[in-house]
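These are the residues of each chain, in order.
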Amino acid sequence: MLKAKVNGVERELADGATVDAVLALLGAPASGVAVAVDGEVVPRAAWGTTAVPEGAVVEVLTAVQGG
Amino acid sequence: MDDPLVIAGREFGSRLVMGTGGAANLAVLERALVASGTELTTVAMRRLDAGGGGVLELLSRLGIEALPNTAGCRTAAEAVLTARLAREALGTDWVKLEVHADDRTLLPDPVELLDAAERLVDDGFTVLPYTNDDPVLAWRLEQLGCAAVMPLGSPIGTGLGIRNPHNIELIVARASVPVVLDAGVGTASDAALAMELGCSAVLLATAVTRAQDPERMAAAMRAGVEAGRLARSAGRIPKRFWAHASSPAVG
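As they're listed, the protein sequences go chains A and B. Just so you know, we're using our numbering here: the first sequence kicks off at 693 and counts up by one. Just so you know, we're using our numbering here: the second sequence kicks off at 19 and counts up by one.
Same shape as in the complex, but just chain A (with noise of 0.2 Å):
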């Protein structure tokens, strides 16, 4: 297991975790969703084959209402 920090909250990972696979955890929408490991943008075509590194900090985001 690995432990990253997702979106402010310390969640244990499969160890090899991917991007997709935090996103599944989340239940996260197929598309309107951005991730960003570390403070760089994983762009959605290498969410599958990114691995989160133990100890990275994951911010998932998404379009709400404002402005």
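Derived by calculation from the structure, the hints in this document are not laboratory data. Where is the CB? At the ideal position from N, CA and C, for every residue including glycine. Be aware that one or more of the hints could be misleading.
What the hints assert, rightly or not - With the C-beta cut set under 8 Å, the calculated list includes, among others, these residues of chain A facing chain B:
1) Ala-720
2) Ala-726
3) Val-733
4) Val-752
5) Leu-753
6) Thr-754
7) Ala-755
8) Gly-759
To be verified - Examples of chain B residues toward chain A, derived with CB under 8 Å:
9) Gly-39
10) Ala-41
11) Leu-108
Chain B: place on chain A using the hints.
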């Protein structure tokens, strides 16, 4: 399309850009957006589990373009990351760039704003910066390659209207990109004044979404923007100190 608003080569039939913040619920927001006639509307980027979702589906259903903002960002670095996330999430390289100096005034931080604008333009974004009503800063943003400049009339959500109309006129006089009056509009006459001063469009949210009747106020803002645009192009009379009779003096 008659007299369209053109930003970065794209045409919009409405000169009223709306925000989606502050509406009591999505049903109220929908009625207000439809009444406003807007074709371009801002959304904010927040954590997935923070609530407030459903707005993208609403805009998509209404055929309104979503314009992501970077509201809440305090530094250029935060704003650049938020814009990149928005590009990834929404598939648009347009961004309403906001870098706020503090929570009480929500005024743009000019140093961070210029820095963020330069980085985002370099990164291929179509940048629409929310800026102070400072003609020099607006000019600098245009020189950096911003697709429009969006000066405030007064601080966000205050409804204080346009506090320095002359500054807005100065910005308009020198700009070769569209000037969008952004923030501070309280009622329809403020929106009309912005257009009379020569702005190309008005961006507002709170004045509509927090009005007692958002749908009715949205219709008022639409009419205000259209009236101001017409008046600007009609060529108003000069202001005079003394009366000038409108009825014949003889006969």
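Results of checking the hints against the structure:
1. Ala-720: Holds. Min distance 6 Å.
2. Ala-726: holds, 4 Å
3. Val-733: holds, 5 Å
4. Val-752: Holds - the Cβ of Val-752 of chain A comes within 8 Å of chain B, reaching about 5 Å at its closest.
5. Leu-753: Given a least distance of 5 Å, the restraint on Leu-753 of chain A holds.
6. Thr-754: Nearest chain B Cβ about 5 Å off; hint holds.
7. Ala-755: holds, 4 Å
8. Gly-759: With Cβ-Cβ at 3 Å, under 8 Å, it holds.
9. Gly-39: Holds: closest Cβ of chain A sits about 4 Å from Gly-39 of chain B, inside 8 Å.
10. Ala-41: Since the shortest Cβ distance to chain A is 6 Å, the answer is holds.
11. Leu-108: holds, 6 Å
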